[in-house]
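Undergrad: Here's the letter readout for the chains.
Protein chains: 2
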Amino acid sequence: MLDAVRAELVEHGYDALTVDTVAARAGVHRTTVYRRWRDVGGLLADVFDTAGDDTWRPPDTGSLLGDLLALNDEVLAALTERPPATMALIAASFRSEEAARALGRFWEDRYARCEPVVRRAVARGEVPAGTRARPLLISATAPLYHRLVLMRVPAEPGLAALAARSAVLAASAGAFTAPEPGDT
Amino acid sequence: MLDAVRAELVEHGYDALTVDTVAARAGVHRTTVYRRWRDVGGLLADVFDTAGDDTWRPPDTGSLLGDLLALNDEVLAALTERPPATMALIAASFRSEEAARALGRFWEDRYARCEPVVRRAVARGEVPAGTRARPLLISATAPLYHRLVLMRVPAEPGLAALAARSAVLAASAGAFTAPEPGDT
Chain A
1 MLDAVRAELV
11 EHGYDALTVD
21 TVAARAGVHR
31 TTVYRRWRDV
41 GGLLADVFDT
51 AGDDTWRPPD
61 TGSLLGDLLA
71 LNDEVLAALT
81 ERPPATMALI
91 AASFRSEEAA
101 RALGRFWEDR
111 YARCEPVVRR
121 AVARGEVPAG
131 TRARPLLISA
141 TAPLYHRLVL
151 MRVPAEPGLA
161 ALAARSAVLA
171 ASAGAFTAPE
181 PGDT
Chain B
1 MLDAVRAELV
11 EHGYDALTVD
21 TVAARAGVHR
31 TTVYRRWRDV
41 GGLLADVFDT
51 AGDDTWRPPD
61 TGSLLGDLLA
71 LNDEVLAALT
81 ERPPATMALI
91 AASFRSEEAA
101 RALGRFWEDR
111 YARCEPVVRR
121 AVARGEVPAG
131 TRARPLLISA
141 TAPLYHRLVL
151 MRVPAEPGLA
161 ALAARSAVLA
171 ASAGAFTAPE
181 PGDT
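Note that the protein sequences, when read in sequence, are chains A and B. For the first sequence, the UniProt record's numbering gives the first residue as 1, with consecutive numbering after it. For the second sequence, the UniProt record's numbering gives the first residue as 1, with consecutive numbering after it.
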């Protein structure tokens with residue numbers, strides 16, 4: 001069923017996505033779909049929640065830079081895959097509040113799973129003790145999403161590596177060790 | 001007319017946005033709108049293109065950190081304004097290819113206008129000669145868009161300042177001076 005949602009979304013976009021088209025594609029009676037998922041938002045939310053329910057672990061290459069480079073290669077691959085399943089899901093999240101919340105949960109889960117990358121870097125002495133994982137990880141990955149998802153420009157060569165390297169340099173200089181600073 | 005597009009978008013969302021509702025709100029005959037803008041995508045593209053056609057200049061506070069803090073305060077204000085006009089426009093860009101291209105042009109224009117921020121920092125010796133403006137500016141601003149637009153979580157205190165500070169530390173350490181690195 002969720003494969004049918006993804007396939008419909010990639011092939012025909014959100015505008016053509018209905019419980020009926022998904023049910024037809026999956027060969028399931030529409031009332032079954034309505035009973036379990038209620039609407040398109042519920043189907044999309046389940047796609048995101050299922051995507052997070054796996055055994056994914058972050059790369060462990062032996063260095064912070066290596067881990068972030070490998071992580072960004074994964075992000076880049078997801079955002080440029082053909083057919084553009086990830087991009088279609090992100091776009092759909094702007095249509096359905098339920099899907100948006102599910103995408104938020106998915107990202108929170110992925111960033112939480114990546115925290116060992118930062119803990120290992122602290123243990124190796126690559127970044128100062130007290131370096132906070134979440135802002136470091138977002139600093140390393142956000143430029144890719146910004147360029148590819150929001151500005152929708154092709155990834156310039158070196159974008160993923162540049163973002164990973166600048167996050168490491170900032171972290172090494174203590175950018176992410178401060179307690180929550182006042183936003184002034 | 002473009003004010004009518006923005007108002008309709010904020011109040012009723014993209015799904016309710018039609019040439020007819022915009023024409024009615026603006027008190028203009030629908031055929032006039034169709035002749036000039038063709039469709040909703042054309043109207044939205046014009047909203048973005050008009051937004052870029054102003055006298056906006058980046059902050060000039062006397063330091064790179066000061067400039068980026070002020071810039072991020074502006075980004076934060078735009079992304080959290082009520083009614084959420086900027087967020088509505090970004091969401092709409094996921095519905096219309098024409099609007100998406102116009103939003104891309106708008107961002108490119110804004111980042112280009114911000115390049116003096118980096119040139120001044122190089123001249124003051126705050127960052128190494130050869131520091132590239134675009135990746136530095138994206139590093140400073142992308143975490144805000146990532147959290148607020150894509151992950152759709154409220155801005156945690158200090159988010160804007162943290163992103164500005166980490167970009168400055170990375171830039172000072174030479175993160176953005178390299179010629180385009182290979183993405184490996």
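Hints listed in this document are in silico derivations from the structure and should not be mistaken for laboratory results. Take these hints with a grain of salt, some might be off.
The calculated label-pair distances, taken between Cβ atoms and stated as ranges, are [claimed, not checked]:
| hint | chain 1 | residue 1 | chain 2 | residue 2 | range |
| --- | --- | --- | --- | --- | --- |
| 1 | B | Asp49 | A | Gly66 | 26 to 32 Å |
| 2 | A | Ala85 | B | Gly174 | 35 to 41 Å |
| 3 | B | Arg25 | A | Pro83 | 36 to 42 Å |
| 4 | A | Glu108 | B | Pro83 | 39 to 45 Å |
| 5 | A | Glu81 | B | Arg105 | 40 to 46 Å |
| 6 | A | Arg152 | B | Asp54 | 18 to 24 Å |
| 7 | A | Gly174 | B | His12 | 43 to 49 Å |
| 8 | B | Pro157 | A | Pro154 | 34 to 40 Å |
As the structure is a prediction and not an experimental result, all values here were calculated from the model. Each residue gets a CB set at the ideal place from its N, CA and C atoms; glycine is no exception.
Undergrad: Next, verify each hint and record whether it holds.
TA: Here is what the structure says about each hint:
1. B:Asp49 <-> A:Gly66: 26 to 32 Å: The hinted range 26 to 32 Å is violated for Asp49 (chain B) and Gly66 (chain A), with Cβ atoms some 43 Å apart.
2. A:Ala85 <-> B:Gly174: 35 to 41 Å: holds (37 Å)
3. B:Arg25 <-> A:Pro83: 36 to 42 Å: holds (38 Å)
4. A:Glu108 <-> B:Pro83: 39 to 45 Å: At 27 Å between Cβs, range violated.
5. A:Glu81 <-> B:Arg105: 40 to 46 Å: Distance hint for Glu81 (chain A), Arg105 (chain B) is violated at roughly 26 Å.
6. A:Arg152 <-> B:Asp54: 18 to 24 Å: holds (23 Å)
7. A:Gly174 <-> B:His12: 43 to 49 Å: Holds - the Cβ-Cβ distance for Gly174 (chain A) and His12 (chain B), about 47 Å, lies within 43 to 49 Å.
8. B:Pro157 <-> A:Pro154: 34 to 40 Å: Holds: the Cβ-Cβ distance is about 35 Å, inside 34 to 40 Å.
Hint compliance for this structure: hints 1, 4 and 5 are not met, and every other hint is.
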